[in-house]
Amino acid sequence: MSKVQASAETRDITLVEAVNMALHRAMADDDNVVVLGEDIATNGGVFRATVGLKEAFGFKRVMDTPLAENLIAGAAIGMATQGLRPVAEFQFMGFIYAGMEQVISHAARMRNRTRGRLHCPLVFRAPFGGGIHAPEHHSESTEALFAHIPGLRVVIPSSPQRAYGLLLAAIRNPDPVIFLEPKRIYRAVTQSVKDNGEALPLDTCFTLREGDDVTLITWGACVQETLQAADKLAEQGVSCEVIDVATVSPLDRETLLCSVAKTGRAVIIHEACRNGGVGAEVAASIAEGAFLDLQAPAVRVTGYDTIMPYYRNEQHYLPQVEDIIGAVEQVIAL
Amino acid sequence: MSKVQASAETRDITLVEAVNMALHRAMADDDNVVVLGEDIATNGGVFRATVGLKEAFGFKRVMDTPLAENLIAGAAIGMATQGLRPVAEFQFMGFIYAGMEQVISHAARMRNRTRGRLHCPLVFRAPFGGGIHAPEHHSESTEALFAHIPGLRVVIPSSPQRAYGLLLAAIRNPDPVIFLEPKRIYRAVTQSVKDNGEALPLDTCFTLREGDDVTLITWGACVQETLQAADKLAEQGVSCEVIDVATVSPLDRETLLCSVAKTGRAVIIHEACRNGGVGAEVAASIAEGAFLDLQAPAVRVTGYDTIMPYYRNEQHYLPQVEDIIGAVEQVIAL
Amino acid sequence: MRQIHEFQVDSTRYLDDHGKPLGELPLQAENTDRVLAAYRNMVLTRTFDSKAIALQRTGKCGTYPSVLGHEVVGTAIGQGMRKSDVFVPYYRDQASHILRGVSLTELLLYWGGDERGSAWKNCPEDLPISVPIATQCCHAVGVAAAMKIRDQSRAVVCCIGDGGTSKGDFLESINLAGAWHLPVVFMVINNQWAISTPRSLQSGAETIAQKAISAGLPGHIVDGNDYFATVEALDTAVERAHSGKGATVIEAVTYRLGDHTTADDATRYRTAEDLKRAWEKDGIKRLQNWLHDRGLWSPDKEKALQAECKQTVEKAVESYLATEAEPPTAMLDYLFESLPAALQQQREQIADRYRGGRA
Amino acid sequence: MRQIHEFQVDSTRYLDDHGKPLGELPLQAENTDRVLAAYRNMVLTRTFDSKAIALQRTGKCGTYPSVLGHEVVGTAIGQGMRKSDVFVPYYRDQASHILRGVSLTELLLYWGGDERGSAWKNCPEDLPISVPIATQCCHAVGVAAAMKIRDQSRAVVCCIGDGGTSKGDFLESINLAGAWHLPVVFMVINNQWAISTPRSLQSGAETIAQKAISAGLPGHIVDGNDYFATVEALDTAVERAHSGKGATVIEAVTYRLGDHTTADDATRYRTAEDLKRAWEKDGIKRLQNWLHDRGLWSPDKEKALQAECKQTVEKAVESYLATEAEPPTAMLDYLFESLPAALQQQREQIADRYRGGRA
Ligand SMILES: Cc1ncc(C[n+]2csc(CCOP(=O)(O)OP(=O)(O)O)c2C)c(N)n1
Ligand SMILES: Cc1ncc(C[n+]2csc(CCOP(=O)(O)OP(=O)(O)O)c2C)c(N)n1
Ligand SMILES: [Mg+2]
Ligand SMILES: [Mg+2]
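Residue numbers (numbering that gives the first Met the number 0), protein chains in the order written: chain A, 0 to 333; chain B, 0 to 333; chain C, 0 to 358; chain D, 0 to 358.
FYI, nobody ran anything at the bench for these hints, they're computed from the structure.
Treat the hints loosely; a few may be bogus.
[Stated by the list, open to error] Quick look at which bits of chain B chain D covers, simulated, 3 or more residues with Cβ under 8 Å:
| id | stretch |
| --- | --- |
| 1 | 7 to 20 |
| 2 | 53 to 65 |
| 3 | 75 to 82 |
| 4 | 98 to 111 |
| 5 | 287 to 294 |
Because the structure is a prediction, the values reported are computed rather than measured.
Glycine residues also receive a C-beta, built at the ideal position from the N, C-alpha and C atoms.
Take the sequences, apply the hints, and build the full model.
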């Protein structure tokens, strides 16, 4: 079928390499998988996420497009209605907005609108989040915009293993998935990943660390700072449960509520601005679903309600380890 | 300046007529106010919101545009940087998505980006919400998408008087305002409105009815059902405070928290789907800010997390008076 | 040193306003069966249309966009396409849908506010009606790209109105079709109006067909009330697509003889004379005259056809009106392939509420 | 009956690759002071450019897009515009910004991650750098519409890359400019690449200028390394706009001689020969040769200019490096005209946190 190696090799790789590995695997496994986007074929993507695909699978299945995000989104939808499984890259999340109409009005609706006659088995990938000293519009984390749209899944990996397993799941999923890759940790950590073609479940949170005193709920790059905070808090004798939400919509409230029922306290951490962020839904769900269990209100540690500053000041916007620790101390004090 | 009548005449008018009255008033008061959109000049708008403007102020200030929402949004931004105060109509909220990139990446950012050198004193108007037996895409209520974007104000009138006063305020405001008009009640109620040029404050909730037992928080067309529910509940001896949020972003948390501090209970009602709706932010803010006052969790009565059904079934999607009463009974029981 | 690059589009008509040939007719005129089938479809479409408007006026259907004035071009599209091609419509393509196999009942269900109106059984790959203007053009190139990726000899026909050609989607899509040599035909139905906005306010371009030049594509104008000019253009463009020669843009010039939709009142923005002049160019009457002149048609045949169409429409209306609404839980049943756990509770709530569980 | 509609675009160059006239030069060649000023701006721009790249390489500046190869067209834009006109740039217009009055320090602040880099003091109405491709075109027509609404004799010049012309915004905007006869000039800087995507993959159109035809606008191609051809086209188009004759689309053909940005490595997707051939057409060298042949330039003058430019750039770099970052609270101070009550608490938090209040 193709020359790509399909052995279950295990390698220590970065998150972006895991994305690449999953793309190779998915394309090798299924001829219907095609990849498209700006600079993804010959150049291998500006973050190198698609490197090698064109060489392995040919330009018919790995397509450099003209510069038009609305077109990329819409063409992917058209391909998907024909049973292809397009994986379209938006070079940065900040450039997906031109494609919003297609995402909201068509990708999310095609199955419902046709009562299942047509559907959209596609993945819209985009690197997202700040902290890499990039120019304006290169630091967006507006996952909440997509999470609010019924018919979409919004999936955010936070480790190489989860990037591999969740991307495979997203591609195999028969419905549209917005797959947001935290670029700040594209190369920050490595992990041994087995290229075994095994997908991870969507629609479920991952409990990364068990604890009794407080539940830390987060996703994306913030998982790093959250785990660091949990480490430090452990030294102070505070036992944190750390949950990577991973699929921020539809939201696996059950896992969250079970954890909060146990700990009685929750801190929600995300990089997006606070007002109307996914953290609001998490907090509202916890408030409603665990009212009697809560010993303190769920507290949110987030970006401020403003535009991500240009890079000289971006660290002042991003949630830091100390902010998480501060919030935990606050809810523990109650 | 123009032939439009600028007397402080008082008339019994509908919400859409109040919009029209405010537009006339704003254009008469300030030559910089211009109006643009699809079918708004010669035709007076598909809902007649702009009727008479072209005749009164001429085609230079009242512009029928080609069919391109992205262009309408972006051209309005360009005009605004020159000190005009464009009021652009999107024919239905469901068609604003093509303009999302301009709204998010430019309108909301121009002032911040240029450190105040340029700014965007513009209003993007759109009829929104369901319940008028319209075709697909004509029933959207995705205010949450805009509420999450820093730099925007999202304002929703729910009566003729507030439509008049808030639209004047929005037009005079030096920053971009998304002005969403609940089309279900465009003509459902009339109210006497004085054309006195007086604006209402933005960034503040309106308490429509005082009460002690529970705070009902809502906006847009749902204000109608909420007031009806409050009436019925009064008969049962339940005293409801009813708050019209009006400016859903930035959110006037103070008014909400004061009310909940008094009543100890809150029900949030909106038509948009629940997951990640503005109700989530309201609920999260209440949970965080009124934790010790709450005798029951804030409960949300909303649309379901799905696509607004075509009109034969739309009433099954929309929150009904009984749903609100049921939710109040539920929180009162706790 | 100055160099000149030249470009052109052509425009074609074969019949005058009364159906008299202006010169030699194309081959398509010889296929009498096909011409007669076309005529029948036009009449059926028009019969359906006036019934749908009547249903709306009497509260039995939702907002409906009349197809009056589009019957000829819609029929030409339906005939020009092969079964295995994919049709990517906008919302005023009733004449084409009928030929593709969409039932009149399905069409009524759609405009009657029922999602099952897009669950087309007979043309399962055609895209559903697209309400957000011009967005369907991007789907069309995606479908065409899929065909090309798979080396299929198939084509896509995509419809859009004159107003729609101002929206980026159209221009981005024709550009991709040109860059990738995609098997797609863009049919611009220039009916002179986008709701109240006249063609002249949409663009300073003298013709819409010349937008094809921006994409390096051939652009053709046809008289959209001239069946022969329109069907010839379709046949040629579809054949071109099938044989791997790439995309075509066709501007079919016609006139929207009705209101924009049943929610519109066109007298607000256009004159009675304009409308009257447009009626004089009506393509159905024109083809009828031609058929008559050729001895292929008669008042009796016309009467029989009218009766037959009426009956067909009545039957569809009956079955439409007899269709019960879906249970409200259907609003969650097609959102995803299978309902995520997160939504199960909402589905139960809907069911409860519907059964009166709430009250 | 078939009718043909014809359209054309022209393409112009005056100098050969070595700066020798290919024929008669336009009037612009006689304005020696202006030509010399142009040359100086090109050299200053190039000097600035290599310094900015060096700063990025040493960690003193952020990702930076080299302007190498755009100096001629950028300079022609700056010269063609009048002070009261409005410039609507994209992100590779350093040569124009300098002539508009943006300071080199401001440019460095911008690319150094500081919003004050867009608070331009000397050209307060120019729009800031636009990162989202093509979006600025819509602003340009909005600004031009404002001028027209107010009956001003002013013009807008809007820049965009070849890649950008595939995005709907460009096509929608030129269409509005045509429909509304707006005083705007669209400068397409066709440098053959959009990051790694070659011009040939962007569009099947033979030229980009022909996209103007879709909007009913005149389209012209100029050799963007030929100062005379480019500045003549600008002068003409700006004059046209000022005199109410409407919009123009100009395609300036050049080559991106550097990487896309400092984050890019162009050797991944283009050959050394390509680049070498492009260098042979370098517009700065070409103009220098011409000046030399005319007796207007000398090695001494060149040496002096280089030294002067270096000094100017060094001074700007010093002032850039000496600029302290804004206090973090600035992130809320320019969001709205005045801070809404809802955000006051967050501003206090930021201030606290900055003062170490959190720790
Ligand atoms: C993106 C978008 N904007 C606005 C509308 C509202 N609208 C519906 S039809 C229409 C006019 C379309 O005109 P045209 O494309 O010429 O098609 P026609 O209706 O004349 O067949 C408009 C503005 C819409 N459906 N989608
Ligand atoms: C809407 C959008 N999509 C993608 C990008 C990422 N990007 C930055 S520059 C660029 C290529 C632009 O090429 P072109 O328009 O030819 O201008 P050039 O850089 O060659 O001067 C891309 C894809 C962006 N900035 N904006
Ligand atoms: Mg039309
Ligand atoms: Mg380029």
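Hint check results:
1. 7 to 20: violated (count 0)
2. 53 to 65: holds (count 5)
3. 75 to 82: Three-residue rule met by the stretch 75 to 82 of chain B, so holds; n is 8.
4. 98 to 111: That given contact holds, which follows from 7 residues of the stretch 98 to 111 of chain B lying within Cβ reach (below 8 Å) of chain D.
5. 287 to 294: violated (count 0)
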